[in-house]
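Line by line, the protein sequences are chains A and B. Take the first sequence: its position 63, counted from the start at 1, is 63 in the numbering used here, and no numbers get skipped. Take the second sequence: its position 95, counted from the start at 1, is 95 in the numbering used here, and no numbers get skipped.
These are calculated hints, taken from the structure and not from any lab test. The structure presented is a predicted model; accordingly, all values stated were derived computationally and were not measured. Ideal placement from N, C-alpha and C gives every residue a C-beta, glycine not left out. Among the hints, a few may not be true.
[To be verified] Here are the simulated BS3-like pairs of lysine-lysine, each with C-alpha atoms no more than 30 Å apart in a straight line: (1) Lys85(A) / Lys293(A); (2) Lys79(A) / Lys30(B); (3) Lys30(B) / Lys342(A).
[Claimed, not checked] Which bits of chain B does chain A cover? Going by a derived footprint, with three or more residues having C-beta under 8 Å, they are: (4) 56-66; (5) 116-130; (6) 177-191.
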Amino acid sequence: MTDDNWGLRESYSFDRHTIHEIRRAANTGLYRIRGWGAKRKLPTFDDLVFLGASVSRYPLEGYREACDTGVTLGTRYAKKPIELKIPITIAGMSFGSLSAQAKEALGRGASEVGTSTTTGDGGMTQEERGHSTQLVYQYLPSRYGMNPNDLRQADAIEIVVGQGAKPGGGGMLLGQKITERVAEMRTLPEGIDQRSACRHPDWTGPDDLTIKIRELREITNWEKPIYIKCGAARPYYDTMLAVKAGADVVVIDGMQGGTAATQDCFIEHVGIPTLAAVREAVRALKEIDMHRKVQLVVGGGIRSGADVAKALAMGADAVSIGTAALIALGDNDPHYEDEYRKIGSSAGCYEDFQAGNDPAGITTQDPELSKRLDPVKAGHRLANYLRVLTLEVQTLARANGKSDVHNLEPEDLAALTVEAAAMAGVPLAGTSWIPGQGV
Amino acid sequence: MTAVAPGPANITVMDLARDDLSQVNQDLQKADPRGGPFRVLNPRGAHALACGLTSGIDVEIEGHTGYYCAGMNQAARVTVSGNAGVGVAENMMSGEVWVKGDASQSAGATAHGGLLVVEGNTAARCGISLKGADIVVKGDVGHMSMFLAQAGRLVVLGDAGDSLGDSIYEARIYVRGKVASLGADCIEKEMREEHRTELRDLLERAGCDGVGLDGFRRYGSARQLYHFKAENLDSY
Ligand SMILES: Cc1cc2nc3c(=O)[nH]c(=O)nc-3n(C[C@H](O)[C@H](O)[C@H](O)COP(=O)(O)O)c2cc1C
Numbered sequence: 001m002t003d004d005n006w007g008l009r010e011s012y013s014f015d016r017h018t019i020h021e022i023r024r025a026a027n028t029g030l031y032r033i034r035g036w037g038a039k040r041k042l043p044t045f046d047d048l049v050f051l052g053a054s055v056s057r058y059p060l061e062g063y064r065e066a067c068d069t070g071v072t073l074g075t076r077y078a079k080k081p082i083e084l085k086i087p088i089t090i091a092g093m094s095f096g097s098l099s100a101q102a103k104e105a106l107g108r109g110a111s112e113v114g115t116s117t118t119t120g121d122g123g124m125t126q127e128e129r130g131h132s133t134q135l136v137y138q139y140l141p142s143r144y145g146m147n148p149n150d151l152r153q154a155d156a157i158e159i160v161v162g163q164g165a166k167p168g169g170g171g172m173l174l175g176q177k178i179t180e181r182v183a184e185m186r187t188l189p190e191g192i193d194q195r196s197a198c199r200h201p202d203w204t205g206p207d208d209l210t211i212k213i214r215e216l217r218e219i220t221n222w223e224k225p226i227y228i229k230c231g232a233a234r235p236y237y238d239t240m241l242a243v244k245a246g247a248d249v250v251v252i253d254g255m256q257g258g259t260a261a262t263q264d265c266f267i268e269h270v271g272i273p274t275l276a277a278v279r280e281a282v283r284a285l286k287e288i289d290m291h292r293k294v295q296l297v298v299g300g301g302i303r304s305g306a307d308v309a310k311a312l313a314m315g316a317d318a319v320s321i322g323t324a325a326l327i328a329l330g331d332n333d334p335h336y337e338d339e340y341r342k343i344g345s346s347a348g349c350y351e352d353f354q355a356g357n358d359p360a361g362i363t364t365q366d367p368e369l370s371k372r373l374d375p376v377k378a379g380h381r382l383a384n385y386l387r388v389l390t391l392e393v394q395t396l397a398r399a400n401g402k403s404d405v406h407n408l409e410p411e412d413l414a415a416l417t418v419e420a421a422a423m424a425g426v427p428l429a430g431t432s433w434i435p436g437q438g439v
Numbered sequence: 001m002t003a004v005a006p007g008p009a010n011i012t013v014m015d016l017a018r019d020d021l022s023q024v025n026q027d028l029q030k031a032d033p034r035g036g037p038f039r040v041l042n043p044r045g046a047h048a049l050a051c052g053l054t055s056g057i058d059v060e061i062e063g064h065t066g067y068y069c070a071g072m073n074q075a076a077r078v079t080v081s082g083n084a085g086v087g088v089a090e091n092m093m094s095g096e097v098w099v100k101g102d103a104s105q106s107a108g109a110t111a112h113g114g115l116l117v118v119e120g121n122t123a124a125r126c127g128i129s130l131k132g133a134d135i136v137v138k139g140d141v142g143h144m145s146m147f148l149a150q151a152g153r154l155v156v157l158g159d160a161g162d163s164l165g166d167s168i169y170e171a172r173i174y175v176r177g178k179v180a181s182l183g184a185d186c187i188e189k190e191m192r193e194e195h196r197t198e199l200r201d202l203l204e205r206a207g208c209d210g211v212g213l214d215g216f217r218r219y220g221s222a223r224q225l226y227h228f229k230a231e232n233l234d235s236y
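Between the sequences and the hints, there should be enough to build the whole structure, so can you do that?
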């Protein structure tokens, strides 16, 4: 804008995006609801680096020496823990927010590489159960479609307390996406703007949660691992309380975490970044001697094998991905640029998952648009992407001399910024200084 | 699961003073519906008792129960001769749960089907997020009852607490006594013949012999909050 006239100066506080938002609010009287996750710059795993091997540590041969990636979730109480071949799982995304084809593709992709996928706020579909060898069933405040038969059909149960995009907020699905099938599964009138509850209807607090977990175990014969998923609000206390309540697995989702529809002010301003959350969750587990006994799954903004490896090095047992998985399926594909333009967006910026008119056919219930996504091909792309992540994690683990990706440790890391050093609890690169921990 | 007297020979007696809760639940979950009824003694406020039942058996619980008694019930008929804790018959799919005493909060929460009868009163949030079941309370219900209720029916012979039916969807509420206040988007509605018929039927199923329809009023959704509108700000 200022390219040809150096006299024009855009305000830092009132930049064009801010001005656009004020104008939009003034014109509509409604807050902005959108999909995707936080878009502003936050401290991330990019602010950490691995040290690699040197004289003091020797590396393992890439491609030759084995480097294990498998992980078992639910070893604490479940009679049938989940065994994943890779430490990367697919996060819960509802049928309703996603098309049936997209859900099928997620199941296909995950199953191809031996990992699990997760239902969402809206119940279990048979497409999804059928195409997922390991399926985690979400138990949410809304209890839409919640059904003991599905609970028993699941391989694990995830009690959703919150998600990173909106710790303290409930699900949302706008009228455009409440088609007949979605409405029926949720026992709602077609076409209404649905706001799910943000609190569970029959328990509040960790003591009640303990009893709720007992009930779920009684109903499923103590077979299924029980996860508790929390948005990254107070991860130190939330993790401790989840463990106290009897969780097999704690899932912590940082503020970058994706969403199908949430108020923009919630997405950008509630919760703490994933980087800070992992460290706090691990600290809690170690303090009560539960690290590795209760598994920790971390999500929110995971994009690459480097992100996965850093989360594991900080003490997570696995990560979960949402947005990246959708991109692997075909979300924000430049191939549809003309169509993104028509709806006022652009490939790479598309975030209106709430609107139901996704040109890539993923975050929609429109039958014509959904048809664009071939579940077999899209599932295969996801499997490829998951393979790349896994190979990258192995590469980084071997470079640090590890024969199992779970042997990566904080000592393998250094921070590039003072903020990241303080949040992650690893030394600032070139120093032995961890802010807040003595000299 | 050893049968101890007293009682007719085909009654299976379980005693929580002696038997393990998980074992009792499993035996009930696997019970043959063609067999005789089950009697559970000394529940002593046990949580998650008789939850996850899947067949049309009769279970009589002699005493007070804790949280989530008969949770997620399918087909079974469970009677609690005592009071029930939080979330009795939560997410029930079918069958019948009958509480002879009072019930705590969130009675019948999210239940999809079946019938819950409470002879006494219930605490707050009775029928919260109800998804199709029927609830008949012979006493009073606490505040925020039928909050977010989506489908199903609640009949209250006594009074209802504050914010009845807040943010209710398509569920229907019948109250004979006083309503302290109605929640957002919940209004009184006309009693038409079809409503009298369904109320009569519900009262009959709940064994309310001799209770006439006089004095009952119907409440339901004004459907004004089904879509986001800035003008609705005052209602939230
Ligand atoms: C389209 C979409 C739908 C989602 N639906 C749910 C849901 O139903 N339940 C839930 O717990 N989280 C839901 N989430 C959040 C994800 O489970 C996960 O926490 C988040 O996507 C992780 O962050 P990432 O997207 O940066 O990988 C959804 C996310 C997206 C993108």
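Results for each hint:
1. Lys85(A) / Lys293(A): Since the Cα atoms of Lys85(A) and Lys293(A) sit roughly 18 Å apart, the hinted pair holds (cutoff 30 Å).
2. Lys79(A) / Lys30(B): This hinted pair holds, its Cα atoms lying about 19 Å apart.
3. Lys30(B) / Lys342(A): 58 Å, violated
4. 56-66: Result for this restraint: violated, n = 1.
5. 116-130: With 3 residues closer than 8 Å to chain A, the stretch 116-130 of chain B meets the three-residue bar; holds.
6. 177-191: violated (count 0)
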